[in-house]
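Chains B and L supply the protein sequences, listed in that same order. Everything in the first sequence is counted per the working numbering, starting at 1 for the first residue and increasing by one. Everything in the second sequence is counted per the working numbering, starting at 1 for the first residue and increasing by one.
Treat each hint with caution, since some may be false.
Unchecked claim - Listed next, the stretches of chain L that the computed footprint assigns to chain B, with coverage defined by at least 3 CB atoms under 8 Å from CB atoms of chain B: (1) 29-42; (2) 49-60; (3) 107-115.
Claimed, not checked - For lysine to any residue, the following SDA-like pairs were computed, each having C-alpha atoms within a straight-line distance of at most 20 Å: (4) K101(B) - E106(L); (5) K101(B) - R81(L); (6) K101(B) - P96(L); (7) K101(B) - S58(L); (8) K11(L) - P8(B); (9) K101(B) - K11(L); (10) K69(B) - D7(B); (11) K11(L) - S58(L); (12) K101(B) - V117(L); (13) K101(B) - T116(L); (14) K101(B) - N51(L); (15) K101(B) - I26(L); (16) K101(B) - L97(L); (17) K101(B) - E83(L); (18) K111(B) - P96(L); (19) K111(B) - K26(B); (20) K26(B) - S58(L); (21) K57(L) - E113(B); (22) K101(B) - G85(L); (23) K101(B) - Q111(L); (24) K101(B) - E68(L); (25) K26(B) - R9(L).
It is worth saying that the hints were derived from the structure and are not from the lab. Built from N, CA and C at the ideal position, the CB exists for glycine as well.
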Amino acid sequence: SQQGEEDPQALSIQEGENATMNCSYKTSINNLQWYRQNSGRGLVHLILIRSNEREKHSGRLRVTLDTSKKSSSLLITASRAADTASYFCATDDPFTGGGNKLTFGTGTQLKVEL
Amino acid sequence: DTGVSQDPRHKITKRGQNVTFRCDPISEHNRLYWYRQTLGQGPEFLTYFQNEAQLEKSRLLSDRFSAERPKGSFSTLEIQRTEQGDSAMYLCASSPLLGGGASRTEAFFGQGTRLTVV
């Protein structure tokens, strides 16, 4: 089952604008991750934020985490056409013997138009 | 080693046939995962290997599904007696096991195998 919902389901913006995607989850977490998926391809890890962190930056990406509301947001600044993709948040549930199961949200489809 | 490799990229099969997919993880990664993704959804966890041991299996993995990772290197996922509901993208991911008890939880995904059952 999906861990949470992402909002919006689809987002269309012009190149140079900022894009904000939100993710809500249901259970307590160790960390929350964001992945990008180009159409019909595999997922690429973007950024990880730990449960004791509130904000994290990586290049044009800014992630926030509010554990009291069980929500996270991903901001992409100065978007480019190459940012067109689906974006997923994922929480991880550690297995007792090691390893981590990622539970993904439903994703936001971002389209950046020239 | 350029990343996680999956083969084939696409597979079309008739209902009732068996199919097998292969995943070659990043060579130094001990941990290997299989996920399934249907259209418009996020990936869903199927199973997890640490080296050659299959340590976790999702309830999504019915009796018709079997996964192996002989010698702790590549992995195969077999689906027997395929059904139309098995049509999906099957994704493989790997991650390293670091020393000192630390672990990186971000996963490195392959390009996936898209299965179409007709």
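Here's how the hints hold up against the structure:
1. 29-42: Contact hint for the region 29-42 of chain L vs chain B: holds, 6 residues under 8 Å.
2. 49-60: holds (count 3)
3. 107-115: Holds, because 7 residues of the region 107-115 of chain L bring their Cβ atoms closer than 8 Å to Cβ atoms of chain B.
4. K101(B) - E106(L): Given that 20 Å is the threshold and the Cα spacing comes to 10 Å, the pair holds.
5. K101(B) - R81(L): Answer violated: K101(B) to R81(L) is near 27 Å, above 20 Å.
6. K101(B) - P96(L): holds (14 Å)
7. K101(B) - S58(L): Given that 20 Å is the threshold and the Cα spacing comes to 10 Å, the pair holds.
8. K11(L) - P8(B): With Cα atoms ~32 Å apart, K11(L) and P8(B) exceed 20 Å; violated.
9. K101(B) - K11(L): violated (26 Å)
10. K69(B) - D7(B): holds (15 Å)
11. K11(L) - S58(L): At roughly 23 Å apart (the allowed maximum being 20 Å), S58(L) and K11(L) break the hint.
12. K101(B) - V117(L): violated (27 Å)
13. K101(B) - T116(L): The hint is violated at about 26 Å.
14. K101(B) - N51(L): Roughly 16 Å separates the two Cα atoms, so the pair holds.
15. K101(B) - I26(L): holds (18 Å)
16. K101(B) - L97(L): holds (14 Å)
17. K101(B) - E83(L): Since the Cα atoms of K101(B) and E83(L) sit roughly 26 Å apart, the hinted pair is violated (cutoff 20 Å).
18. K111(B) - P96(L): Violated, at about 33 Å.
19. K111(B) - K26(B): violated (27 Å)
20. K26(B) - S58(L): Holds. K26(B) to S58(L) sits at ~19 Å (cutoff 20 Å).
21. K57(L) - E113(B): Not satisfied, since the Cα-Cα distance of roughly 41 Å exceeds 20 Å.
22. K101(B) - G85(L): violated (23 Å)
23. K101(B) - Q111(L): Holds, because 19 Å separates the two Cα atoms, which is no more than 20 Å.
24. K101(B) - E68(L): holds (18 Å)
25. K26(B) - R9(L): violated (33 Å)
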